[in-house]
Amino acid sequence: EDQVTQSPEALRLQEGESSSLNCSYTVSGLRGLFWYRQDPGKGPEFLFTLYSAGEEKEKERLKATLTKKESFLHITAPKPEDSATYLCAVPQEGTTDSWGKLQFGAGTQVVVTP
Amino acid sequence: EPEVTQTPSHQVTQMGQEVILRCVPISNHLYFYWYRQILGQKVEFLVSFYNNEISEKSEIFDDQFSVERPDGSNFTLKIRSTKLEDSAMYFCASKFAGGPDTQYFGPGTRLTVL
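So the protein lines, in turn, are chains G and P.
With my numbering as the guide, the letters of the first sequence map in order to residues 1 to 114.
With my numbering as the guide, the letters of the second sequence map in order to residues 1 to 114.
Keep in mind the hints are simulated off the structure, nothing from the lab.
Computed from a predicted model, the values in this text were never measured in an experiment.
Beta carbons: idealized from backbone N, C-alpha and C, even for Gly.
You can trust all of the hints, since none of them are fake.
With a cut-off of at most 30 Å between alpha-carbon atoms, the simulated DSSO-like pairs for lysine-lysine come out as follows:
(1) G:K42 x P:K78
(2) G:K68 x P:K42
(3) G:K57 x G:K68
(4) P:K42 x G:K69
Listing some non-contacts, in silico: residues in chain P with all C-beta distances to chain G over 12 Å:
(5) S27
(6) N74
(7) T76
(8) S81
In isolation and in its complexed conformation, chain P is listed as follows (with noise of 0.2 Å):
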C-alpha cells in the first residue's frame, strides 16, 4: 500500500542552524502539506503546497520556513535558522485531488533544537 515517507526521523540541531526536512509523497498525489505537532498539543497547519507553488500558509510558516518540490517525488521543509520553540514532530501529507479528498500524512520527524 502506498504510504508517505519522511526522513530523518530524528534530527537534533543548534539554535541557529538551518535544517531540512525531506518526505516523499503518494507517488500520483498532487496536493502537499506540512503540520507540526509540538509536544502534548494538537497538531497544527504550516503550509499546503499545489502547482509548484505555497496555495495557504499559516501564521506560523513566517520567513524562516520555505518549503520546495526540487524534483517529482521529493517534498521538502526548510527551516533556515532554528530557534528553541521549533522543536515538534512534523509531518508532511499529500492528497490526491482537490476539495474533501483525504490527507494522507508520514510517519513524522522529530526535530529537536538545543
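Here chain G stands alone, though its shape is the one from the complex (with noise of 0.2 Å):
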C-alpha cells in the first residue's frame, strides 16, 4: 500500500496565481516529512523538512505546513523559474534504517507560464 500520495499531479499556473499542492501519507508515528524540488534530469533538490503536526517552513515564496494526515506546499505569486516537479518523502515504516530509507510520492509537476 502506496504510504505517501500526492495531488494534483499536475498544475499549470500563471505567474502570480498562487496555489497549493497535497501529500498525504499514511504512516504511523510520521517522523519527519521532506519536500524536494526536481527539474528534468536532475537530482532532487532540499527544500524543507517537517517533523510535528503544526510545523511550518518558510523559504522565498514557498511555504510548507504539516498536519497529522498530510502536508502541504503553497506556492505565493509564483514566477517561472517556480516550474518544477514537487516531491514529498516520509522515512518508511517498519525498517532498521528506517530513518534513511526514503519512500517518496510521485510529484506534482508545476509549470508557471508568463
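Assembling the complex is the task here: the two chains are given apart, and the hints tell you how they should meet.
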C-alpha cells in the first residue's frame, strides 16, 4: 500500500497565481516529512523538513505546512523559475534504517507561465 | 556550499556488461544512499550504507548490485551484469546524522542499457 500520495499530478499556473500542492501519508508515527524540488534530468533538491503537526517553514515564495495526515506546499505569487516537479517523501516504516529509507510520492509537476 | 557529486553524468552500456557509478558524498556525512528513478516513475530506494556496511536494501537490490566505500571520499554502486530494465537515473544521497536528518542528493547518473 502506498504510503505517500501527492495531488494534483500536474498544475499549470499563471505567473502570480498562488496555489497549493498536497502530500498525504499513511505511515503511523510520522518521523519527518521532506519536500524536494526536482528539475528535469536533475537530482532532488532539498527544500524543507517538517517534524510535527502544526509546524510551518518558509523559503522565498514557498511555504510548507504539516498536519497529522497531510502536508501542503503553498506557492505564493509564483514565477516561471518555480516551474519544477515537487516531491514529498517520508521515512519508510518497519525497517532497521527506517530514518534513511525514504519513500517518495509521485510528485506534482508545476508549470508557471508568464 | 558542499554538495554531492556523481560521475559520469551519462553512461551507456551493453546488456550484460558491468558498470560502476561513482559518488562523492558531502565530506562530513556518515550515511550514504543510492536511489533510482525510472523515467516517468517515482524515486525508489535501493540501499543504505553506514559504518562500512549495508544497513538496509530494497527488493530491487539483488545479487547483481553491490556498493563500496573504497576510500574516505568515494561511494560506488556496481551493477555486475546490466539488464535493459536497469536503465534509469541513479541518485546518490548522503546525510550527516542518524535519525530524521536531511538527505542531500547528487545530480544523478543516467544509465542507458542497450
